[in-house]
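Asks: Chains as they are written, first to last, in the working numbering: chain A, 2 to 84; chain B, 2 to 84; chain C, 7 to 156; chain D, 7 to 156.
Be careful, since some hints might not be right.
[Said to hold, decoys possible] The calculated lysine to aspartate or glutamate pairs, modelled on DMTMM-like cross-linking and capped at a C-alpha distance of 20 Å, are:
#	chain 1	residue 1	chain 2	residue 2
1	D	Lys30	C	Glu49
2	B	Lys3	B	Glu32
3	D	Lys30	C	Asp98
4	D	Lys133	A	Glu36
5	C	Lys133	C	Asp17
6	C	Lys30	D	Asp144
7	C	Lys30	D	Glu59
8	A	Lys3	A	Asp50
9	D	Lys146	D	Asp81
10	D	Lys146	D	Glu57
11	B	Lys3	B	Asp26
12	D	Lys30	C	Asp81
13	B	Lys3	B	Glu24
14	C	Lys133	B	Glu14
15	D	Lys30	D	Glu49
16	C	Lys146	D	Asp20
17	C	Lys30	D	Glu49
18	C	Lys30	D	Asp147
19	D	Lys30	D	Asp17
20	D	Lys30	C	Asp20
21	D	Lys146	C	Glu49
22	D	Lys146	A	Glu36
23	C	Lys146	B	Asp50
[Stated by the list, open to error] Simulated restraints on C-beta separations:
#	chain 1	residue 1	chain 2	residue 2	range
24	B	Asp59	C	Met7	50 to 60 Å
25	B	Pro19	C	Arg55	16 to 26 Å
26	D	Glu74	C	Ala50	27 to 37 Å
27	C	Gln15	B	Pro19	18 to 28 Å
Simulated from the structure, these hints should not be mistaken for laboratory data.
Built from N, CA and C at the ideal position, the CB exists for glycine as well.
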Amino acid sequence: MKRDILYFAWLRERVGLPRETIETDATTVAELVSELAAREDRYALAFSDPGALRVALDQELTDFSAALGDAREIAFFPPMTGG
Amino acid sequence: MKRDILYFAWLRERVGLPRETIETDATTVAELVSELAAREDRYALAFSDPGALRVALDQELTDFSAALGDAREIAFFPPMTGG
Amino acid sequence: MIPLDIRVQADPFDYGQECGRFAKQSGRIGAVVTFCGIVRDTEAGTLQRMEIEHYPGMTERALTQIAEQAAARWDIQACTIIHRHGPMAPGDAIMMVATASPHRADAFAAADFLMDYLKSRAPFWKKEITDQGAEWVDAKDSDEAALSRW
Amino acid sequence: MIPLDIRVQADPFDYGQECGRFAKQSGRIGAVVTFCGIVRDTEAGTLQRMEIEHYPGMTERALTQIAEQAAARWDIQACTIIHRHGPMAPGDAIMMVATASPHRADAFAAADFLMDYLKSRAPFWKKEITDQGAEWVDAKDSDEAALSRW
């Protein structure tokens, strides 16, 4: 299935792009992270500590154990620092 | 001893004046209240429920059991409602 | 000593202007919290005006003591308290407090503390004038109880 | 529904002007609380600028959800959240929240809650640029821990 993957802040800088569309069979966030981390060194580095990351499916925060379902937009980013 | 007695808010309205100077032998706030309450009906009414009142000696909040000491200005008033 | 700006006045003040000026202070301020108390109409919409009586001299003293306590307990870099007395119309700003800190938790706690103490320890008394007459506002038990939070 | 005014913008905003306007809303508002977050210089005074990245779309959504939660939990009559993104200079206002209520406790709690949730749940990321280079600001454990207060 085609999914849009978004990266923000230092994750974006490490991956080297803000967004990409990929074809994936992953059914959970965790599976998708394993798949991404296996792609290239920069992804492996970016996802080396998933516990330090947050994920949103279609702009809603969720957990790494969550099913991807029919989420079109999957975003990864560090903990937020607004305010 | 000569003391200035001040009244505020509904206490001032019941007593009928904002301030007066009296000569008193009272040594505590409680004694002074008894003395004032015994003066006239309007004082008796004003001080009928001392628990509902507050007192300040020389502009510092204190208790009815406090000694008057050399306080020059003794103020009585209802609980505050600022803000 | 941090800058304490304490004003007790009959004149109106401009809450927005005071907020803007306060937040522009120099220093390593990261967080500003302000509170504004406004004359609230009665449920029936019958409030003609509010009158606030105070105890000149003691008022300034009490407000300064309360602000100094806040400055001793929290990391605040500036504190403003403005409180009006005399007649006011519904919708008028009665008073404001403002606190500035490097940290939001300190700014919030100090402002909240100032308000709780000011309510029950600063010598102001409110009277509401409606078409039914004039009535002194009763102190709320919850205001006295709020002090035990600190 | 109470009026929620949520703005995510690159442009500066005038904190004082927003406070003044907010407090002048009609209705039986008795208490207004505002918070303003300001770009704080480093201890060494070396901050050249701050840059805030955000997640367009999700940001507005997250802020709206947080404001709706506050409105469901406390008696508030209006709520404003303004948050900038992009480059900012030391001393610039980054963001503000404002809450209005008949009661001061509700206005304080709602503003405090909004700030705690906004810090850890709205997709903004701060980067500090000094003469030493650029560095992403780390989230504080204390910010995540603050959520358990609510």
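Asks: Let me make sure I understand: some of the numbered hints might not hold for this structure. Which ones are they, in numerical order?
Replies: 4, 6, 7, 8, 9, 12, 15, 16, 18, 19, 21, 22, 24
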